[in-house]
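S.K.: Residue-level listing of the chains:
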Amino acid sequence: MGKLIKWYFLAAVFLSVVWLVISEIVSLPIIPSPFLVAENLADIFMKYIAIHSLYSLMRIGAGLLLAIVVGLPLGVLMGYFARADKVLAPLVYLTYPIPKIALLPILMLLFGVGDSSKIVMIFLIIVFQVVVAVRDGIRSIPKETYYPLYSLGASFTDIFWEVLWPASLPKFITAVRVALATAISVLFFTETFGTQYGMGYFIMDAWLRVNYLEMYSGIVVLSFIGLILFSAIDIIEKQACHWQYK
Amino acid sequence: MIEINDLTVTYKSDKEQYTAIKNVTMTIPDGGTCALIGPSGCGKSTLLKAVAGLIPSFEGNVEINGAPVNPKEQTIGFMPQNYGLLPWRTVYDNIALGMKIKKSPALLDKNTIKGVMHQLGLEGLGHRYPKELSGGQQQRVALARVFALKPDILLMDEPFSALDAITREEMQDVFLKLWRKFEVSTIFVTHYVEEALYLGQKIVILSAGSGSISNVIDNPLFGVENVRGQEKFFQMGLKLREIIKKDWEQAWES
Ligand SMILES: Nc1ncnc2c1ncn2[C@@H]1O[C@H](COP(=O)(O)OP(=O)(O)O)[C@@H](O)[C@H]1O
Ligand SMILES: [Mg+2]
Chain W
1 MGKLIKWYFL AAVFLSVVWL VISEIVSLPI IPSPFLVAEN LADIFMKYIA
51 IHSLYSLMRI GAGLLLAIVV GLPLGVLMGY FARADKVLAP LVYLTYPIPK
101 IALLPILMLL FGVGDSSKIV MIFLIIVFQV VVAVRDGIRS IPKETYYPLY
151 SLGASFTDIF WEVLWPASLP KFITAVRVAL ATAISVLFFT ETFGTQYGMG
201 YFIMDAWLRV NYLEMYSGIV VLSFIGLILF SAIDIIEKQA CHWQYK
Chain L
1 MIEINDLTVT YKSDKEQYTA IKNVTMTIPD GGTCALIGPS GCGKSTLLKA
51 VAGLIPSFEG NVEINGAPVN PKEQTIGFMP QNYGLLPWRT VYDNIALGMK
101 IKKSPALLDK NTIKGVMHQL GLEGLGHRYP KELSGGQQQR VALARVFALK
151 PDILLMDEPF SALDAITREE MQDVFLKLWR KFEVSTIFVT HYVEEALYLG
201 QKIVILSAGS GSISNVIDNP LFGVENVRGQ EKFFQMGLKL REIIKKDWEQ
251 AWES
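Top to bottom, those sequences are chains W and L. For the first sequence, the positions run 1 to 246 when the numbering used here is used. For the second sequence, the positions run 1 to 254 when the numbering used here is used.
Calculated directly from the structure, the hints in this document are not laboratory data. Treat the hints with care, as some may be off.
[Said to hold, decoys possible] To give a feel for the contact side, a few chain W residues facing chain L, derived at Cβ under 10 Å:
| no. | residue |
| --- | --- |
| 1 | 36 |
| 2 | 158 |
| 3 | 166 |
| 4 | 241 |
By construction, the Cβ of each residue, glycine as well, lies at the ideal position given by its N, Cα and C atoms.
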């Protein structure tokens with residue numbers, strides 16, 4: 001763990017140096033020096049940015065939670081019961097390829113321009129990945145895995161906790177990781193209208209005010225939110241799926 | 001005791017029906033063993049699954065100790081091809097799994113599992129995952145899992161076939177020792193004539209194609225000390241091969 005942090009630290013230093021060099025070469029206000037940005041960030045984080053980052057985190061968290069609550073049971077159903085898959089697979093496959101962001105105008109008409117439409121947007125982006133990953137994870141379980149349990153009269157609850165859940169967990173977590181990257185970009189976009197809060201709003205607002213230092217501070221914070229989410233997922237995966245790393 | 005009476009199993013799909021097992025009748029007495037031998041695809045696994053209660057509908061009867069087979073009522077130890085261990089559970093948890101599902105009170109007594117692990121030479125491996133074990137060790141874990149339950153019957157599908165020859169003979173002896181101790185009525189599937197002769201009191205030959213029994217042999221060599229090295233074991237193996245060959249040739253002709 002300590003070693004890992006050291007490498008992350010070195011990577012951050014390296015990127016900052018690259019940034020510094022570019023800002024020196026370009027020497028325009030649109031690329032300020034990382035030192036100035038760091039100073040600015042320290043100044044305004046608690047005062048202005050913290051509340052925006054909390055809003056963004058809340059929207060991602062709510063969308064993700066909703067996607068898990070809906071997607072996980074659906075994926076289990078489709079993976080385990082062939083008949084459920086027969087009915088649901090066409091539905092999923094027809095809706096999966098629709099670029100979800102294109103639905104944003106409709107979502108805003110249905111759910112308003114506030115939080116709900118933003119959360120539903122994130123939900124839509126993550127939920128399909130979760131459904132498909134969990135379903136495929138369960139399908140790839142060899143039949144032999146079930147037999148000793150069935151022959152002892154295992155209930156569906158037993159099967160779920162002993163087999164379905166642990167077998168699909170790694171694929172489920174990977175799906176969340178992949179979907180989350182898209183979700184963060186889309187969140188940024190949706191936060192540029194219909195709200196006074198969120199990192200998307202903060203960054204675009206700073207840009208319109210031609211306050212590049214604040215804009216960069218916002219970008220750094222948004223990147224950190226991503227980093228924190230990804231690290232959290234990594235830690236959860238290492239904990240929950242450590243049998244895979246043996 | 002396992003009683004199979006006029007068992008017929010038909011797989012039905014949208015388009016076709018396939019009768020994998022036809023009119024099979026056999027009895028395994030209390031604490032007896034029976035080897036099931038036959039070519040690939042003749043229905044050995046299907047027969048075993050029917051006895052394990054894994055096939056929801058079949059014709060005929062399967063009774064265990066006088067009652068129709070029911071996984072909820074009886075304790076049926078089933079060891080599938082490739083052992084069926086859960087890769088995400090440790091050795092200890094894999095062994096405890098059966099008891100957990102049966103909600104067996106013995107689970108609370110850690111000594112039961114420790115005892116079985118000791119008998120199978122698995123001490124010190126409890127915290128490992130199946131993929132950190134050799135094939136022979138995985139086989140031992142699978143045996144520990146079924147024997148820890150003190151099952152009413154034991155069903156094993158090609159239990160030792162993935163092992164190398166030396167380990168296989170060693171595991172056959174491990175199995176025999178446990179079986180003597182627990183006296184469980186056992187049916188096992190095998191490809192190997194020698195394995196059938198060494199472990200089966202009764203040897204049932206399933207015929208190719210038709211899915212029914214072609215021969216039942218009461219094995220006079222079962223339980224004889226050091227039988228594997230003896231001339232009569234070798235002779236009996238040849239005889240058995242001859243019977244099987246003749247049967248399969250007949251099946252091909254028809
Ligand atoms: N679930 C199933 N659906 C349809 N046919 C099956 C199914 N399982 C097995 N069979 C067929 O039944 C026959 C017997 O299979 P099986 O019992 O696995 O044979 P064995 O174990 O002797 O190799 C094979 O022809 C196989 O194709
Ligand atoms: Mg088979």
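S.K.: Are the hints correct? Go through all of them and say.
M.R.: Checked hints:
no., hint, verdict
1, 36, "violated, 50 Å"
2, 158, "holds, 5 Å"
3, 166, "holds, 4 Å"
4, 241, "holds, 8 Å"
Against the hints set out earlier in the document, a violation occurs for number 1 only.
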